[in-house]
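Note that the protein sequences, when read in sequence, are chains A and B. Going by this note's numbering, the first sequence opens with residue 1, and the numbers climb by one from there. Going by this note's numbering, the second sequence opens with residue 1, and the numbers climb by one from there.
No lab work stands behind these hints, which were simulated from the structure alone.
Straight-line Cα separation of at most 30 Å, DSS-like style, residue types lysine-lysine; simulated pairs:
| id | chain 1 | residue 1 | chain 2 | residue 2 |
| --- | --- | --- | --- | --- |
| 1 | B | K373 | A | K60 |
| 2 | B | K291 | B | K374 |
| 3 | B | K339 | A | K359 |
| 4 | B | K151 | B | K246 |
| 5 | A | K350 | B | K339 |
| 6 | A | K438 | A | K216 |
| 7 | A | K390 | B | K151 |
| 8 | A | K60 | B | K117 |
The structure displayed is predicted, hence computed values, not measured ones.
Okay, here's what each chain looks like letter by letter:
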Amino acid sequence: MILSANDLMEVVDWSRAQFAMTAIYHWLFVPLTLGLGFICAIMETIYYRTGDLFWKRTVKFWMRIFGINFAIGVATGLILEFEFGTNWSNYSYFVGDIFGAPLAIEGIMAFFLESTFFAVMFFGWNRVSRGFHLASTWLTAIGANLSALWILVANAWMQYPTGTTFNPDTARHEMTSFWDVLFSPVAINKFFHTVTSGFVLAAVVVIGISAWYLLKKRETQMARRSIVIASIFGLCSSLFLATTGDGSAAQVAKTQPMKLAAMEALYAGEKEAGLVVFGVLRPEVGKKYLFEKNADAFYFKVEIPKLLSLLSFRNAEAYVPGINDMVFGNPEQQIIPIQGKMGLGQEALKAMKEYREAKATGDAVTQSYYNDLFDPNTPDGKYMHDFRLKHLGYAYLDNPTEAIPNIPLVFYSFRVMVGLGFYFILFFAITLVLSLRKTIGNRRWLLRLMIVSIPLVYLSSVAGWIVAEVGRQPWTVYEMLPASASVSNIASGSLMTTFFIFLVLFTILLIAELMIMFRQIKLGPQPAEIEGKTDSEK
Amino acid sequence: MDTVYIFLQHYWWFVVSLLGALLVFLLFVQGGQGMLYVIGKTDMERNLIVNSLGRKWELTFTTLVTFGGAFFASFPLFYSTSFGGAFYVWMLILLVFVLQAVAYEYRRKPSNLLGEKTYNWFLMINGVLGTFLLGTAVATLFTGAPFVVDKANFGNYEGFNTISRWTTAWYGLDALSDPRNILLGLSVLFLSRVLGLLYFMNNIDDTEIFSRSRRYLKWNAGLFLLFFLPFLLLLMLADGAAVDPKSGVIAIEPYKYLHNLLAMPLVLAVLLVGVVGVLWGIYIGVVRGGKRGIWPCGLGTVLTVLALLLTAGYNNTAYYPSTADLQSSLTIYNSSSSKFTLYVMGLVSLAIPFVVWYIAYVWRAMNRKPLTKKEIEQDEHAY
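Pulled out of the complex, with its shape left as it was, chain A reads as follows (with noise of 0.2 Å):
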C-alpha cells in the first residue's frame, strides 16, 4: 500500500482527529485527579492528626469521586500513548529517541507509584496502618502529578526541541544531552503552568459540589470545610497559574514566533504591540487570506497599547514579528522568509540522501565530504545543524501558508483561557473571604455561580491545550517535523472506522461517568454510623 498524496491529506487530517478526540477526552479526566489527589491528601492529614471521624468519612467521599475520574483517565492515557505507534508511525520514529525515554521513565517510575498506592489508598483503611494509609494517599497525588512530568517534558520538547542532534545514519534526532531536554526552560514552566491548571480545576470542583449541597441545605459542614480548603489551594495555585501563564507567553514570543502571532491574528509586526483584550475576526482570517493592516483583519477589537510588546519580551517597545514577517521575511528583524526555509530543509534532505547513497555504493571521498557537513563541529556542519538542519520540516511543505496555524481557533481558545484565568483568582478570593467570615451559605446566587464555575473551568482547561496545540500547527516537531510527514501509512477508511467506534464508546462512557457522579453527589458521603462500624482504630 503506497498513499497518494489525496490520500495523505486525508490521513493527516483523520490521524489528527483521532488525536486531538483522544487528548480531549483524556484530559476532560486527568487534571482533576492532578489536583483532587492534593486536596485528599491534604484532608486525610488533618484526620489522621486529630483524630477526627468526620474528616475521614469527608476524605472518603472525595476519593470516591478521584476514584470515578481515575478509571477513565487512565484508560483514554493508555490510547493515547499506544497512538503515537498507530497514527504517528514516522513521528514516533522521528522522534523515538527523545521521547521514547520520558515515555519509559515516566513508566518505570510514576505509573507504577500511582496504580499500586492508589489501591491502597481505596482499599487498605483496614488492613494497613493509619500512618501507611496516609503515606499512600500522598504518595498517590505525587505519582499522578509525576505522572504529568515526563509526558510534559516530551511535549515540551516538540514545542522547542533542544538538547538533540540530527543523525543522518540514522535519518532522526538523536538525544545528546538528557539534562537540556529535561530542564528545558519550556519545560519546566509547561509542567507547573499544566499541574496548576489542574489543581485550580479540582478546587472549582469542590467548591462546587459543595456549593451544591449548601444550596439543599446537606452536609453543611463538609461543605463549608471543603469550601475552606479548596479556596486555599485554588487560590494560591491560580496565582502561580498566572505566573507560568505569563512565563509561557514569554517563551512562546522567544521560540515560537508563529504561535504567538497567531493568538493575537496580528498580521503586520510592529513596535510598542498592543494586546488584544477582545476583538472579532472577520471569516477570511481562516482562510488564512493575508490581511496587509492589523486593523482590517477584524471587524472590531478593543486593545491596550504597547502590552504585547511589554508581555512578550519585557520592553514596551520592542518589534513583535506578524504573520506576514514571516510568511515574506524582514531582512531588517533578519526574518528567513517561508519560501528560503523550505529551501534549506530541501538542501538538508538533499544532503542527507547523497550521503547516504554514498555510504551504500562506498564511495569514501563523498562520504568523507558529507562526514564533515553533518559534523557540527566544522564551520560547514555549523551552518547544515543552525540553518538547514533547523529547517528540515519546511522542506515538506508545499507552499508557505501551510505554516500557518489557525488562527481563529487559537485567538479565541487564548482569550476564553486568559479571561477565566483571571475570573478564577477572584473566584477563589471572594469564596475564601465570605468562607472565613461564615456567611457563605447565605448568598444563593453565589453558590449557584460555584456551580455554573464547574463546566468552566474545564472550559478554559481544554482552551488552553488548544492554543498550545493546534497554535503548534503544522509541526508535530516545531520546524522539523510538519504533521503531514508524521502520519502512519495506512488507509484513511481504517482511521476513520476506529475514530468513530472510539468516539461512540467514549462518549458513552462519559455519559456514564457524569451519571454515576452525579449521583454519588446526590448520595453525599456514607452515613456516620456504618463508617464507625468499621472503623477498626476506633
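Position chain B against the provided structure of chain A, taking the given hints into account.
Showing chain B alone in chain A's frame:
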C-alpha cells in the same frame, strides 16, 4: 564494533523481555475475568471475584503501559513499524483494555447507564480477547509480519515519505492466517486462566470458589498444554532470520530458534526451570489442592516467557522478521535508540528493583488476610 552499544542493546532487549514476561504473569487478572460467570455462580461470588481481581488490575494495566513505553524508548523502529502497520490488531487490543479500565469502577455504581451485566461482559471480553490477541501479536516476533522499512524514504520531501509500511491491506489481521500465531494466542489465553484460577484459590476465602476453581484448573491446564507444546515444537523446527552483526545482512537459517537455545545454555536452563515451575504450580493446585500454586506457576511463567523472548532477539536473531522483504527485518541492532539514550535509560532502569520491592511490600501488606464476603459488604469503595 562498539561493544558498549551492543551491550546496551542486549540489556534493553532483556528489560523489554522481562517486562513482557511480567505482563504475561499479571494477565492472571484477565484470565480470572474471563471466567467470571464460570466460577462465580451467584452475584455475591462474582463480587468476590471482581473485588479480588480489582485490587490487582491496575498493576497489570500499568505493566502493559510500561512495556509499551520501554519498547518505544529502546526500539522505536519496532514501535513505528508494528503499531503503525498492524494497526487493526493493536487498536482491537486497546479497545478491549479500555473496556476493562472502566468496568471495575462502574459496574456496581448506581446510575451507571449500561447496567452491571454489561460491565461484567466488558470484563469477560477483555479477559478472553485481550489475552488471545496479545499472544497472537507476540507470536509474530517469531513468525514475522509483512512490512517494508526504508529509512531513506524520509528524505522524499515530495510524495511518499513514510519509513515503514505494511504490504497487505489487512493491517495486522494477517497474523491470524498463521496457525502458530493462533496456537500462541490460545496458549496465553489458557495460561492466563490457569493463573487466574490459582490466584482465586490463594486470594479468596470461600470454599465454593476454591473447589470450583480447582475443578476447572484441570481442564484449563490441559488445554494450555495442548496448545503450548505444539507451539514450542513448531518453534524449534522453524526457520528463523539470522543477522550478520558486522554487515547487518539478514539471512534465513533453518532451526534458528533451536540453535539459539543450544547456543545459550543459560537461556535454555531458564526455559526448562520455567516450564517445570508452571507444571509444579498446576500440580500443587490440581493434585494437592494447595493454596500456593500461584507462586511457582507465576514465577515459572515469568521465566518461560523471558527465555522465549530472549530467544527471539539474542544470538544475532531478527526479533521481528519481515515476510515481505527479509532485509527490512528488525534486529536489536538496527532498530534501537542511540547509545546515549540507551545509556541514560539504563541508569534510570536501576530503579526497577526498588519499584519491584515496594510493589511486593504493598502486595504483602494488602494480602495478609484473604478477601471475604464480609469485607466487601462493608467496604464503601468495593467494586
